[in-house]
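Peer 1: Residues per chain, in single letters:
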Amino acid sequence: MSWKLVLALALVARPAPLIGQNGNGVGATRLAGRVPAAALPAIDSILAAAAAESLPTEPLVQKALEGGAKNIPADRLVNGVRRGLLQLRQARAIVSHAVPGQSPPEGHVAAVAAALARGLTGPIVERLITVAPNEPPGPVLHAAADLVAHHFDPDSAADLLVEAHNKGLRGVRLLDVAVAADHELQRPGGRTPSEALAHVRAMLPNVRPGRP
Amino acid sequence: MSPIDPRLQEALDGERDPGDLPVDLREAYARLNAATQILKATPPVSVASRVMAEIRQNPAPVQGEGPGRRLIQWLGRPRAVTVRLRPVWTLALAAGLAAVLVLQWRRGGPAPGVAQGIANFVGQFPGAQSVEVVGSFNDWSRGMLHLNDDDGDGIWHAKAVLPAGQHEYMFVVDGERWVPDPLAGRYVDDGFGAGQQNSVLIVRPVSAQP
Chain A
7 MSWKLVLALA LVARPAPLIG QNGNGVGATR LAGRVPAAAL PAIDSILAAA AAESLPTEPL
67 VQKALEGGAK NIPADRLVNG VRRGLLQLRQ ARAIVSHAVP GQSPPEGHVA AVAAALARGL
127 TGPIVERLIT VAPNEPPGPV LHAAADLVAH HFDPDSAADL LVEAHNKGLR GVRLLDVAVA
187 ADHELQRPGG RTPSEALAHV RAMLPNVRPG RP
Chain B
970 MSPIDPRLQE ALDGERDPGD LPVDLREAYA RLNAATQILK ATPPVSVASR VMAEIRQNPA
1030 PVQGEGPGRR LIQWLGRPRA VTVRLRPVWT LALAAGLAAV LVLQWRRGGP APGVAQGIAN
1090 FVGQFPGAQS VEVVGSFNDW SRGMLHLNDD DGDGIWHAKA VLPAGQHEYM FVVDGERWVP
1150 DPLAGRYVDD GFGAGQQNSV LIVRPVSAQP
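In order, the protein sequence lines correspond to chains A and B.
Each residue of the first sequence is one higher than the one before, starting from 7 at the first, in my numbering.
Each residue of the second sequence is one higher than the one before, starting from 970 at the first, in my numbering.
Keep in mind that a hint or two might mislead.
[As the list claims (entries may be wrong)] Simulated restraints on C-beta separations:
| id | chain 1 | residue 1 | chain 2 | residue 2 | range |
| --- | --- | --- | --- | --- | --- |
| 1 | A | 208 | B | 1117 | 39 to 45 Å |
| 2 | B | 1112 | A | 79 | 21 to 27 Å |
| 3 | A | 51 | B | 1165 | 22 to 28 Å |
| 4 | B | 1112 | A | 215 | 33 to 39 Å |
| 5 | B | 1126 | A | 44 | 37 to 43 Å |
| 6 | B | 1154 | A | 201 | 20 to 26 Å |
| 7 | B | 1112 | A | 138 | 36 to 42 Å |
| 8 | B | 1058 | A | 51 | 53 to 59 Å |
| 9 | B | 1093 | A | 106 | 45 to 51 Å |
| 10 | B | 1112 | A | 99 | 38 to 44 Å |
| 11 | A | 35 | B | 1063 | 36 to 42 Å |
| 12 | A | 44 | B | 1112 | 21 to 27 Å |
| 13 | B | 1111 | A | 208 | 47 to 53 Å |
| 14 | A | 39 | B | 1126 | 27 to 33 Å |
[What the hints assert, rightly or not] Residues from chain B shown here face chain A by an in silico Cβ test under 10 Å; the list is partial:
| id | residue |
| --- | --- |
| 15 | 1105 |
| 16 | 1108 |
| 17 | 1110 |
| 18 | 1111 |
| 19 | 1133 |
| 20 | 1134 |
| 21 | 1137 |
| 22 | 1147 |
| 23 | 1154 |
| 24 | 1159 |
| 25 | 1161 |
| 26 | 1163 |
| 27 | 1165 |
| 28 | 1171 |
Source of the hints: derived by calculation from the structure; they are not laboratory data.
Glycine residues also receive a C-beta, built at the ideal position from the N, C-alpha and C atoms.
For reference, chain B alone in the conformation it holds in the complex (with noise of 0.2 Å):
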């Protein structure tokens, strides 16, 4: 900002007389007079006046006030609410709530869940590019469940829930090498006639597991 002329900004003051002036300020001295003059014409509405009229409309809590407090104030004070519901979808909604109590009550509450368990799946194949594991709990589906090794140690491993009771199953090493799980311990015959064993998991029921 460049700084006012003192002389001027004595004129402007009324502490001299403008005509004393030289020329070019005197000019100046015309240009911010009338510019002084729009401006007391102007309403007082500005924002300023706005925001301080509404802060003296709603003053700012008193200091010391918990938050507590002001939570319950907040709570009690009456508001109007409006809710425009069309009265058919208030009778599909009563409709729909009255259908599913009649379920629950003819089922005699929510139905209990399948008995399932956790199965952990632990296998040891160095330089493996991929683990899987197919069963009889899958539908002997490929790709359902691959075992991870993060850490590349070698060691797969795998967690999955899956309904209680025996299942049947092999690992599936590098998408070709189907290889039973040496740490299953149970192992029955595949029935094809070459003599591949598969191996067999008991899935205890979670309840049941200690």
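So here's chain A without its partners, still in its complex pose (with noise of 0.2 Å):
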């Protein structure tokens, strides 16, 4: 397949802004025929709910479109759209919580609720974008996400990403810190966990730049 085949490709494939955001119809005219037509009522019913409440309603569409690629029966591909929703909510109330008197932007809350669904707390992800709540929070939160993935301590994870941050390392860039904690983890010698943070923490900000 050609460079251009694949970029245009990619540009066409890229997701299409919803119609409206009051839900109704938005499963018509991107669910339709992707879905189950068992689930498409109970679907449209949670996008609306999700668009009454002003959560962004994108991660919900994604999630019935990907139930619908993988042929899972309509019962539990309504259930995972549900328990999506359920995120949003739980997301937009960690956010309204860590930055009081402030309309939660959408970016906001998707982020978080993908943090959630990767296994990050609550209170973790509460510090995380408290630090810097005008910056959207997905780099420092699967930077996050990957270091408890990889058995790092949640609150000394934290703490490694803040003191990153208080030394001017935005963004990707912190995604960067958390491979850095993990080769010092895989580095032969052996070293532990609170040793490859410690470690990493003492080069701050000069971690490697990597590949995601």
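Can you join these two chains into the complex? Each is in its own frame, and there are hints to help.
Peer 2: Listed below in structure tokens is the structure:
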């Protein structure tokens, strides 16, 4: 497949914007033919509920499309989308608590919901958002989730990321902190997780730029 | 070409009296002589003479004159250019250009593109007939992004330009087997209750890639 074709596919395949934010009709336009017909009414009502609560609907549409592509039975598919709605609600509560007095940006809520799905706890997420409330939280939350997935202590991982932020690292550079910690952990000689974190903390902000 | 009889040649050259020729050669002489008279009566403006006249009118460039000098001479030589425009099309063209300029001014210059990055997908699937990537970046649609294994070593790969940010995806092998990317390093439960995990890809914007 040629480069130009891949590029064209990638651009064409970008998720189309939702027609409306009220939920009504969203299922009909993007999900018709992609999910079991029996699941459509329930999904549409979940989307309508999300829109009514000013929650982002795109993650829910994606979950429904995913379930349809995987041929998930209607009842399990609806449960999966409903679970997504619950995570979005929880995420919005965390964001609202972390950044009081502001209307939580959709991007923040979706990123926090994704972090919760990856296993981060509410308090850790809230702490990381509070450090930089006006920055997109996706990278720092993924960095934390990466560290937790590699069996680092969640609070120690958050400490390291907060320090990295204080030393000027932003956005995807915070992912490099998690990569560096993982490299230190796997280095021959057998560092413990806390030793690996201490080593990375000592080298901040000079962690090696990495690839995704 | 058959050789001409020398006696006929001599008669044509005026070196022999045509009356001395045998009867058959005398007839040939008469035919050739008539043809000569016809040619003599034809005006001298032949193709060759026209070509030669043209060459004399536009002599070839002097030897040693370089192509650069000839180009400069060609560019410097005045030429008449006639452009015929209907007023209605001229006005439409001007209006179009003005609209483009106004739009650019209102936007404050060309709008920046969506932040994108390059994603590399690699998977080892020996014996597979097809491998594709399906994920949130293509609305979980099948048939959009296929991996290739051109050398048949069982290692399938594809590159794609994707929007920067987080994407969930899976490989679909042989059109029916959904498998997470073993090299993804990040996974998340897909939430449908069967314990299946999606791979998580974080695409860095090109400006942030090392």
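Peer 1: Work down the list of hints and note, for each, if the structure agrees.
Peer 2: Hints and how they fare:
Checked against the hint of 39 to 45 Å, the C-beta distance between residue 208 of chain A and residue 1117 of chain B comes to roughly 44 Å, which is consistent with it. The supplied range of 21 to 27 Å is met by residue 1112 of chain B and residue 79 of chain A, whose beta-carbon atoms lie about 23 Å from each other. Hint check: residue 51 of chain A to residue 1165 of chain B, Cβ distance near 25 Å, so the stated range 22 to 28 Å holds. Restraint check, residue 1112 of chain B to residue 215 of chain A: a C-beta distance of roughly 35 Å satisfies the suggested window 33 to 39 Å.
For residue 1126 of chain B and residue 44 of chain A, the hinted distance range of 37 to 43 Å is satisfied, since their beta carbons lie about 38 Å from each other. In this structure the hint that residue 1154 of chain B and residue 201 of chain A lie 20 to 26 Å apart at CB holds, the actual value being about 22 Å. In this structure the hint that residue 1112 of chain B and residue 138 of chain A lie 36 to 42 Å apart at CB holds, the actual value being about 40 Å. Evaluation of the 53 to 59 Å hint for residue 1058 of chain B and residue 51 of chain A yields a pass: the beta carbon distance comes to about 56 Å.
Look at residue 1093 of chain B against residue 106 of chain A: about 49 Å separates their beta carbons, and that is inside 45 to 51 Å. Judged by the Cβ atoms, the range 38 to 44 Å given for residue 1112 of chain B and residue 99 of chain A holds: they are separated by roughly 39 Å. Take residue 35 of chain A and residue 1063 of chain B: their Cβ atoms lie about 41 Å apart, and the range 36 to 42 Å holds. About 25 Å separates the C-beta atoms of residue 44 of chain A and residue 1112 of chain B, a value consistent with the hinted range of 21 to 27 Å.
In this structure the supplied range 47 to 53 Å holds for residue 1111 of chain B paired with residue 208 of chain A, their Cβ-Cβ distance being about 48 Å. About 31 Å separates the C-beta atoms of residue 39 of chain A and residue 1126 of chain B, a value consistent with the hinted range of 27 to 33 Å. Among the interface hints, the one on residue 1105 of chain B holds; its C-beta lies about 5 Å from the nearest C-beta in chain A, closer than the 10 Å criterion. Taken as an interface hint, residue 1108 of chain B checks out: its beta carbon lies about 5 Å from the nearest beta carbon of chain A, inside 10 Å.
Checking residue 1110 of chain B against chain A by beta carbon gives a least distance of about 7 Å; that is within 10 Å, so the hint holds. A cut of 10 Å between beta carbons decides the hint on residue 1111 of chain B: the least distance to chain A is about 7 Å, and the hint holds. The interface hint given for residue 1133 of chain B holds, since its Cβ lies 8 Å from the closest Cβ of chain A, which is under the 10 Å cut-off. A least Cβ separation of about 7 Å between residue 1134 of chain B and chain A falls short of the 10 Å threshold, and the interface hint therefore holds.
For the restraint placing residue 1137 of chain B at the interface with chain A, the shortest Cβ-Cβ distance is roughly 7 Å, inside the 10 Å limit, so the hint holds. Because the smallest distance between the Cβ of residue 1147 of chain B and any Cβ of chain A comes to about 6 Å, under 10 Å, the interface hint for this residue holds. The beta carbon of residue 1154 of chain B is positioned within 10 Å of a beta carbon in chain A (closest approach about 8 Å), and the interface hint is therefore held. Restraint check, residue 1159 of chain B versus chain A: the minimum CB separation of about 7 Å is within 10 Å; hint holds.
Interface hint at residue 1161 of chain B: satisfied, since its Cβ lies 4 Å from the closest Cβ of chain A, which is below the 10 Å cut-off. Given the 10 Å rule on beta carbons, the hint for residue 1163 of chain B holds: about 8 Å separates it from the nearest Cβ of chain A. Checking residue 1165 of chain B against chain A by beta carbon gives a least distance of about 8 Å; that is within 10 Å, so the hint holds. Because the closest C-beta pair between residue 1171 of chain B and chain A is about 5 Å apart, less than 10 Å, the hint holds.
Going down the numbered hints, you'll see the structure goes against none, and every one checks out.
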